[in-house]
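Novice: Here is what each chain is made of, one letter per residue.
2 protein chains.
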Amino acid sequence: MADLKEAAWTLTEADIDALEIGAGILGTGGGGNPYIGKLRAREALRAGHVMRVLPMEALGDEDRVVSLGGIGAPLISFERIKEGREGLRCLRALEQRLDFTAAAVACEEIGGQNAMEPLITAAMAGLPVVDGDGMGRAFPEMQMTTYSIYGHSSTPSVMCDPHGNVVTFDHAITEKWHETMARACVIAQGGASTLASAPMTGAFFKRFAIPGSYTQAIGLGRAVMEARQAHEDPIAAICKREGGRHVFSGKIKDIHRHFRGGFNVGEAEIEGLDGYRGSQAHITIQNEFLVFRRDGEVEVVVPDLVVVLDLDSGLPITTELLRYGQRIAVLALPCHELLRSEDALAVIGPAAFGFPEIEYTPLPAKETP
Amino acid sequence: MADLKEAAWTLTEADIDALEIGAGILGTGGGGNPYIGKLRAREALRAGHVMRVLPMEALGDEDRVVSLGGIGAPLISFERIKEGREGLRCLRALEQRLDFTAAAVACEEIGGQNAMEPLITAAMAGLPVVDGDGMGRAFPEMQMTTYSIYGHSSTPSVMCDPHGNVVTFDHAITEKWHETMARACVIAQGGASTLASAPMTGAFFKRFAIPGSYTQAIGLGRAVMEARQAHEDPIAAICKREGGRHVFSGKIKDIHRHFRGGFNVGEAEIEGLDGYRGSQAHITIQNEFLVFRRDGEVEVVVPDLVVVLDLDSGLPITTELLRYGQRIAVLALPCHELLRSEDALAVIGPAAFGFPEIEYTPLPAKETP
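Protein sequence lines correspond, in order, to chains A and B.
For the first sequence, my numbering puts the final residue at 675, and the numbers step up evenly by one.
For the second sequence, my numbering puts the final residue at 675, and the numbers step up evenly by one.
Mixed in with the good hints there might be a few duds.
The list treats identical chains as one, so a pair stands whether inside a single copy or across any two.
[To be verified] Derived lysine to any residue pairs resembling SDA-like cross-links, with alpha carbons at most 25 Å apart:
#1 Lys482 - Leu579
#2 Lys388 - Ile479
#3 Lys388 - Thr480
#4 Lys546 - Gly631
#5 Lys482 - Gly496
#6 Lys557 - His458
#7 Lys311 - Asp539
#8 Lys311 - Gly525
#9 Lys482 - Glu389
#10 Lys482 - Gly567
#11 Lys482 - Ile387
#12 Lys546 - Leu617
#13 Lys388 - Leu628
#14 Lys482 - Gly390
#15 Lys557 - Arg398
#16 Lys311 - His355
#17 Lys482 - Thr521
#18 Lys557 - Glu577
#19 Lys512 - Val553
#20 Lys546 - Gln535
It is worth saying that the hints were derived from the structure and are not from the lab.
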């Protein structure tokens, strides 16, 4: 355990500022509001907690890693303040239930506030967070992690709400059943709880987690901040860094959102601006931005990333903060290769989100340096 | 443990036949269809399982008793066949979770199929069922037991569904929160699961359970069967035995039922027959029959029992089997004194069911022989 701490690097408040932006971009509108997450993480840092990120390769094959995150609708976690120790209660209850000691905490999804959740819990527990995650972005449902896709059973898991209620999902016959039961329960708990999944081995994590997520998100956020400071184009900086493409600029001319089955779902209509004048775009939402269409044609679809930024600042906008009249840029970023296998597409491809008619044509992959 | 078995009496198929009727009457329309319950109990008997009922006083003060029952909407448990060992899985998971051995199984509610559920599970586990229950009738929600009302915390509890999913409610901040979370989860599981609550001590059970429920229900069923065989009036036999009153005879002229929040809710309109000709009656339903009104005036209300019988056979009719045109008798039976305290009425009085305008006027209490 001492070894793991030595191998880890320590996060500063500036890292958290950068992570807010990077996790916001990778969150594709969801994963919980990253600004709220930043405030909570900063609070924990100022209270003296130390946040450490551990390179994946430093993890021993037999080490136990617990992945955790917020579960619920982003809109609710935006409006309702957490009690603060939900994640820690989940972790401790899980360790007690299964009689093991976690060596590190892992991230369920690097997108949005869920990038902060493991850092806060791990800091309180005196553990590092491994530099990887289960999505490389944000997705709305729990079975949509590379952990689940590549064979990890996420039960027994423990869910804690801000009131003090604790539920253990001892066994789910499939990962999707786990999601179904936990979703029903989180709605009953008020719509924003925290869940820690059954521990993974270090060996499994190193093979199937999206590698380097914290490094990526913090580096991405820092690139945006530097471009803004240098009065350069942050959108170009993001595209360059992530191998992405700026696919649209426009003004939101209509937005429909509602709360259904514990999710924020909706549609946004965008009227082209600048070089896109005369074109109409459309984005489909389920917690995250799922499908981008231009003039009726699908151009970007899950699992690739549809990112919405403020056109002027280059800062990401989450689904609950989209407003009529906003001037936005839409970016398409390629997802990680682990999300593109046949097994992965069965869980996170267009058909899994209710669009069987859309064929997934991968964006050109990000070049690895 | 050997002592407990010796003190218990063994049920026959004839007892189960009688229990079907008695539990149907005490179920006030709910608690799950007793006929389905009888078929399942008979199946277990014929498979060689032994069903034992233990007098309450034989229970040691330190013995651990686990109360269990079906949770969900009666309509669903009527249409959907159970896997069969849900209750046993709940019991074993709970024993393992809390590291104890149950001395006996207890009944959550003596009404309907839920009278059979503990017998089946206990028989499979080689345990007796204590002769008492938590309601003396059926109620739609879990916090409505004398166990919960008089201070037992029903968590940790374990819920199992027919698919094989297992959920533990480790901690609920109130009994009502337990109900809220379990209800959401049972809907997600398909609407009919089984739940075992945290063990009670024998001392607590002997003080706060409704005593003698199995004896009462079986005796009541037997009285109906005997009256029918002797061509006597079974309705009069029920009223005599339970200290009740025949309050209406009529024909169902309108029935509204729907499925809301995991419950069967509805209203029945009844047109008077025989001595009640010219009068109109109305019954309000939430899984059970809750309020009986005659010509607009409330005459019987929870926690007292509103019982609906087939006018000719004197056999009970559950809410899901009410039909337009049925000729029915309505009986009012007094509930047990444990359901009439101030603490009890706060949980199971008219206001708790959404009728704050109705004042509970107890029916004359049953005379104890």
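Novice: For each hint, tell me whether it holds in the structure or not.
Specialist: Verification of the supplied hints:
Taking the shortest alpha-carbon separations for lysine 482 and leucine 579, neither the intra-copy value of 41 Å nor the inter-copy value of 54 Å comes in at or below 25 Å. In this homomeric assembly, lysine 388 and isoleucine 479 come within 25 Å of each other (Cα to Cα) only across copies, at 16 Å, whereas the closest approach inside a single copy is 30 Å. Taking the closest pair of Cα atoms, lysine 388 and threonine 480 come within 25 Å of each other only across two copies (19 Å); inside a single copy the shortest separation is 29 Å, beyond that limit. In the homo-oligomer, the alpha carbons of lysine 546 and glycine 631 never lie at most 25 Å apart, since the shortest distance is 28 Å inside one protomer and 75 Å across protomers.
With identical chains, the CA atoms of lysine 482 and glycine 496 are at most 25 Å apart both within one copy (21 Å) and between copies (14 Å). Proximity of lysine 557 and histidine 458 under a CA criterion of 25 Å is satisfied in neither setting, with 42 Å inside one chain copy and 58 Å between copies. Taking identical chains as interchangeable, the C-alpha atoms of lysine 311 and aspartate 539 are never at most 25 Å apart, the minima being 37 Å within one chain and 81 Å between chains. Proximity of lysine 311 and glycine 525 under a CA criterion of 25 Å is satisfied intra-copy only: 22 Å inside one chain copy versus 69 Å between copies.
In this assembly of identical chains, the alpha carbons of lysine 482 and glutamate 389 lie at most 25 Å apart only when taken from different copies (20 Å versus 28 Å within one copy). Both within a single protomer and between protomers do lysine 482 and glycine 567 lie at most 25 Å apart by alpha-carbon distance, with minima of 15 Å and 22 Å respectively. In the homo-oligomer, the alpha carbons of lysine 482 and isoleucine 387 lie at most 25 Å apart only across protomers (23 Å), although the nearest pairing inside one protomer, at 28 Å, exceeds that limit. Taking CA atoms no more than 25 Å apart as the test, lysine 546 paired with leucine 617 passes inside one copy only; the shortest distance there is 17 Å, against 81 Å between copies.
For a Cα distance limit of 25 Å, the shortest separation of lysine 388 from leucine 628 inside one copy, 23 Å, qualifies, whereas the shortest one across copies, 47 Å, does not. For the identical chains of this complex, lysine 482 and glycine 390 are inter-copy neighbours only, at 23 Å across copies versus 28 Å inside a copy, given an alpha-carbon limit of 25 Å. Taking the shortest alpha-carbon separations for lysine 557 and arginine 398, neither the intra-copy value of 47 Å nor the inter-copy value of 59 Å comes in at or below 25 Å. In the homo-oligomer, the alpha carbons of lysine 311 and histidine 355 lie at most 25 Å apart inside one protomer (14 Å), although the nearest pairing across protomers, at 57 Å, exceeds that limit.
In this assembly of identical chains, lysine 482 and threonine 521 lie within 25 Å of each other by CA distance neither inside one copy nor across copies; the values are 30 Å within and 45 Å between. Taking the shortest alpha-carbon separations for lysine 557 and glutamate 577, only the intra-copy value of 5 Å comes in at or below 25 Å, while the best inter-copy value is 63 Å. Taking the closest pair of Cα atoms, lysine 512 and valine 553 never come within 25 Å of each other, the shortest separation being 34 Å inside a single copy and 72 Å across copies. In this homomeric assembly, lysine 546 and glutamine 535 come within 25 Å of each other (Cα to Cα) only inside a single copy, at 17 Å, whereas the closest approach across copies is 89 Å.
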